[in-house]
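> Each chain is listed here by its residues.
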Amino acid sequence: MVWFILRRCGSAVIVLFVASVLIFLGVRALPGDPAVVMAGEEASPAVVEAIRHEFGLDKPLPAQYVDYVAQTLSGNLGRSTQDQIPVADILAERLPVTLELSALAMLVAIVVGVGSGIVASVRRGKLADYVATGFGLAGLSVPHFWLGLLGILLFAVTLRWLPASGYVPFTEDPGQNLQRMLLPALVLGTGFAAILMRQTRSAMLGALSADYVRTARSKGLAEAKVVGAHALRNSLTTVVTVLGLQLGALISGAVVTEQIFVIPGFGKLTVDAVLTRNYPVIQAVVLVTVIGYVVVNLLVDIAYAYLNPRIRLSGGGHG
Amino acid sequence: MAETLAVPVRSGRADRRRRLWRRFRRRPMPMAGLVLVAAFLLLALAGPLVTGDPSAQDYAATLAPPSGAHPLGTDDLGRDALARIAHGAQVSLQAGVLSTLLAMVIGIPIGLVAGFYRRWLDPVVMRLVDVTLAFPFLVFAVGLAAIIGPSLKGVVLALGFSQLPAIIRITRGEVLAIREMDYVAAAIADGAGDRHILFRYVLPNCANPLIVQATVAIPAAIIGESTLSFLGLGVQPPTPSWGVMLTTAQQYLDVAPWLAIWPGVMIALATLGFNLLGDGLRDVLDPRSGR
Amino acid sequence: MSLLEITDLAVHFDTEDGLVQAVRDISLTLEEGEILALCGESGCGKSVTAMSVPRLLPPGTTKLSGSIRLDGRELTTLPEPELRKVRGKDVSVVFQEPMTSLNPSFTVGYQIAEVLRRHEKLSRRAAMDRAVELLELVGIPAPRRRVKEYPHQLSGGMRQRVMIAIAVACSPRVLIADEPTTALDVTIQAGVLDVFRDLRDRLGTAIILITHDLGVVADIADRAVVMYAGRAVEQAPVAELFARPRHPYTLGLMKALPSAAVNGRLAEIPGMVPSPMSDPDECAFRARCPRAQDDCATSRPPLVRQAAGHLAACFHPGEQP
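Residue numbers (our numbering), protein chains in the order written: chain Z, 5 to 323; chain G, 112 to 402; chain B, 137 to 457.
Please keep in mind that the hints were generated in silico from the structure rather than gathered at the bench. Be careful, since some hints might not be right.
[Unchecked claim] Just so you have them, the derived chain Z footprint on chain G, three or more residues with Cβ under 8 angstroms:
no., segment
1, 253–261
2, 370–383
[What the hints assert, rightly or not] Once the Cα atoms are required to be at most 27 angstroms apart in a straight line, the calculated DSSO-like pairs of lysine-lysine come out as:
no., chain 1, residue 1, chain 2, residue 2
3, Z, 229, B, 225
4, B, 284, Z, 229
5, Z, 229, B, 257
6, B, 225, B, 257
7, Z, 229, B, 391
8, B, 199, Z, 229
The beta carbon of each residue, even a glycine, is placed where N, CA and C say it ideally should be.
Next up, chain Z with everything else stripped away, as it sits in the complex:
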């Protein structure tokens, strides 16, 4: 287990390194000379040269990369070109919003997806299975943003139960915050619930037909125990793996959902930054996403290893 985790940490570091190089080079590949941009169009060549020197832009690329990493590690992510606010401050303000949205959506997805997947597998071929399978297919086929529009159309425009958009920080008014987060979380969670449902169902069907489940039945265990302990425990590794694989999609989905519901989170920051060509922000956003992605994947791997005694008790990896 220790070896397994160390190896995963090692590859996480490699991913971060590669990603940081790509981001660094990506920014260099952008059209326009950053020194000229900073100095302004009508600045004299001498001024541009001074700025170039000041920011180390005249150094060779590897040296610039080292500078970039050093700056980043010390928490200096540059300033937003829109309003000159330090990017680190913007992130500190926006990130918790997105984390809350994602956590709520994941909660919805796990409760609805895993729950309906289990029910569908146990009631295979019955009405409940068809309903859940149908929901799974529909959830897979409907894009987040349209679901969001329909939600607003139904709950905000037609029924007027919920506000269409806007955000109230949790610390200001928890009730209002949750009320406004409800619809976005449902919208974001539905797609994942569908994926989780399909995967849980098929993993559970596999587990329920496994020999060890027959053994569990032969012991005279109650069906709840057979399904809930013996079959589910072995399906959880699949569920955890799927959660890990869906992480990227979750981040993408959060971006879209925040855009629709005008939630001032990380995703909206991302889109706005691209549309206004706010390069320091884009750079930081991509980097933070990659870090978050790598960290959560590491956690998923550890959870996977914990659930699977073969890995937990040995130094080997899986696959």
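Assemble the complex: chain Z is given as a structure, and chains G and B must be docked to it using the hints.
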């Protein structure tokens, strides 16, 4: 339990295909998927010829509700929603097919080479594939949009690259499996050239899982294109993309809700069609992959 | 009254291709402390017969008729919650596949303790202590350590012993062992059979041993039922069966034994088992039988007494081939 006696029948390729088709045809869901996909293709290829100019503006009827002249209503600039949906299907189809083709053109050779020659290349490629498999494609698309500007080209590139890991992985897996087959091992032992083995044995066996993968990749790309376009990071107005139409619809949700319905329904139906078709094909063509 | 009485048991499976008749009119009894072998080729219905007792066949597609009485109590109509009190307690099963029959996610100790906590209402602690004793009983060395291990850390033979420990944990009246030695090395087979013998001697457990291996039957069983195409074709005490087999199918099986091999070659019974979908009124073994006559095609031979305790279903039973 029942000892069923499988009668081995030597059958040709055409025979096999007919048998698969018969198995496929009996299932209602995949057939429904096939119909939906066919309708989508028809709409994308023939629709624009029938519906007229998607950019023609009728200032007398902006945000008009559905009527005889405009069956699905008009948008804020008085453009016919039906015509825009038909042309939007074309954009969706392009994004779906081109990005999948791109991923295959690049991914299949990489997968073949990695799986066939192993050695140092294979672990390196697979490590990269693992890393990128679940990478948020939107972040990638955002980066790309920042560099080359939002456009259909950017969308296709972003979607194509995001599908690459899956294609490489599937191809490599098939190569590894087929290499172990007796007749391939025999061909290798007989000194058949690498190219002969790759094209004669390995590649044809990759076809089925890759076809199935295409039915996953195309709908994902359709959703991806509409999402990016909706966010303003993809196809730019005035090109009629379903995602762009929904951006407009969001602004007029309270006065023209009908604009928000049809583009979304089209995305959902096209995606659903491919998903149903894919599930059915997977059962018939690629029974090993349990999903 | 015998411990277990199976009367006119028939089992059908509803499959996509139609109704499969897996077991047809089986009647047999099992006495306390007896080891009864059910033998025959794969697909003959021996496993299905045995699994009908604790009703461990797939529900929904299985149709079961006839009677199965344990200590006079009818099991076929027992409600599921009541039956669950029987499973693992009065009737327990050792399955064929030691590699996959244990849950990979739980320690072997947990899996043994589970059945004790269910039926004996033992505390977690007490059940674990008992699990250690059981592992010792089935001959696993260092049981204190093994009890905390997971199935993948154990060899096939050890896993089979763990399965046996689970099955005997609550001192069942009837133990069903489905090909318990098939997946094991020959050297380990003998050890597992010793465990069974020991159990019978110590706890008086009656054992239904399902096997296609007549060598195992000769080694351990008291009585044997030979099944063919879903029916019992011969039934006799083991010594009598091997000394004077009456049914030509039994004889064929014996010729297929490695010890009976001529010139190092096993005699095979030529021909195919008839389809389990149809059931014409004739001897099912007719097509493969060297003794077949015209009367074998006109009606099905009934299972009749040949000698004391010896039944066979053949119109032309011979003492000798």
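> Can the restraint linking residue 229/Z and residue 257/B be considered satisfied, given a maximum Cα separation of 27 angstroms?
Cα-Cα ~16 angstroms, so holds.
> Going straight from one Cα to the other, do residue 199/B and residue 229/Z come out at no more than 27 angstroms?
The given pair, whose Cα atoms are some 26 angstroms apart, holds under the 27 angstroms limit.
> Is residue 225/B within 27 angstroms of residue 257/B, Cα to Cα?
Holds, because 12 angstroms separates the two Cα atoms, which is no more than 27 angstroms.
> Between residue 229/Z and residue 225/B, does the CA-CA distance stay at or below 27 angstroms?
holds (17 angstroms)
> Take a quick look at whether residue 284/B and residue 229/Z sit within 27 angstroms of each other, Cα to Cα.
The hint holds at about 21 angstroms.
> Holds or violated: are the alpha carbons of residue 229/Z and residue 391/B at most 27 angstroms from each other?
Cα-Cα ~47 angstroms, so violated.
> Can you take a look at whether the segment 370–383 of chain G is actually covered by chain Z? Rule is 3+ residues, C-beta closer than 8 angstroms.
holds (count 8)
> Tell me whether the statement that chain Z covers the segment 253–261 of chain G is true, taking a Cβ distance below 8 angstroms and needing three residues at minimum.
holds (count 6)
The structure does not agree with numbered hint 7 stated previously, though it agrees with all others.
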